[in-house]
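Plus 4 on top of the position in the sequence shown (first one is 1) and you've got my numbering.
Hints in this document: simulated from the structure, not taken from any laboratory.
Any given hint could be a false lead.
[Stated by the list, open to error] When the alpha-carbon atoms are kept at most 20 angstroms apart in a straight line, the in silico SDA-like pairs for lysine to any residue are as follows:
no., residue 1, residue 2
1, 60, 91
2, 60, 127
3, 135, 165
4, 60, 159
5, 60, 120
6, 135, 164
7, 60, 115
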Amino acid sequence: MPAPPQPETALYAAAKAFLQGRGFVVKGEVCGCDAVGLRPAPEAGGRPGVAVCELKLGFNLELVLQGVDRMAAADEVWLAVAATRRGRDRDTRVHKLCRLLGFGLLAVEPRRGRVEVLVEPAPYRPRPSPKRRAGLLREHARRQGDPNAGGSTRAPIMTAYRQQALACAEGLRGGPCRPRDLRDAAPEAGRILLRNVYGWFERVSPGLYRITAAGEDALRRWGPGLAAAAEDP
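Turn these sequences into a full structure, and let the hints steer you where they fit.
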């Protein structure tokens, strides 16, 4: 009986290690991208380098379209697929397509953690999108650690906003607090408590909030992984 196919997240660790080896600090699931790497600017006041890597078990049109969509926000776009012996990743026409589009192409062997560079990203650049680039930079910088495995599709993403909301919930465990009491752990505490997107908070009087049962449930679900995520740079 054939082994069940591996999820796309199985490619993430090896792809992340590859980009880290090229000097990037990598985090998964940033603004819809499977993996985003930032490399410090070579000089003071310069722009940091941005690399985006999209993961798929096999090379297909959806992967190409994702790469095209990421080009406006990144300096390098990498497509990473599971390595095969005679699959699409070995097709010279696919390599040519990647070169024409300016993509890098990686063949990943998840079990061995091996990454083969099939195509290097080319210097071709479309019209840049400063707004989207700024969104990647902002979310990457605000997110604590690397709590998501790139390629996740069926689990909620731990965004920087959710991390701060959980920090607020943790701070309210000891009793009602005002937003200013929580700002050391959550700089956006005032907005988060007021909007109450997840239903984790309840206002007991003007400017004073407490945690709800839903917030307690969220801490039981997400809390144990927060400290570990914060330790990953």
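*asked:* Next pair to validate is residue 60 with residue 115; report whether the Cα-Cα distance is within 20 angstroms.
replied: Status holds; Cα separation ~16 angstroms.
_Satisfaction of hint between residue 127 and residue 60, Cα-Cα up to 20 angstroms_ = The hint is violated at about 23 angstroms.
*residue 60 and residue 159: Cα distance at most 20 angstroms?*
Distance ~17 angstroms between residue 60 and residue 159 Cα, so the pair holds.
*CA of residue 135 to CA of residue 164, is that 20 angstroms or under?*
holds (18 angstroms)
_Pairwise hint evaluation, residue 165 against residue 135, where the allowed Cα distance is 20 angstroms at most_ = holds (19 angstroms)
*Between residue 60 and residue 91, does the CA-CA distance stay at or below 20 angstroms?*
holds (13 angstroms)
*Going straight from one Cα to the other, do residue 60 and residue 120 come out at no more than 20 angstroms?*
Between residue 60 and residue 120 the Cα gap is close to 15 angstroms, so the pair holds against 20 angstroms.
Consistency note: the structure conflicts with earlier hint 2 alone.
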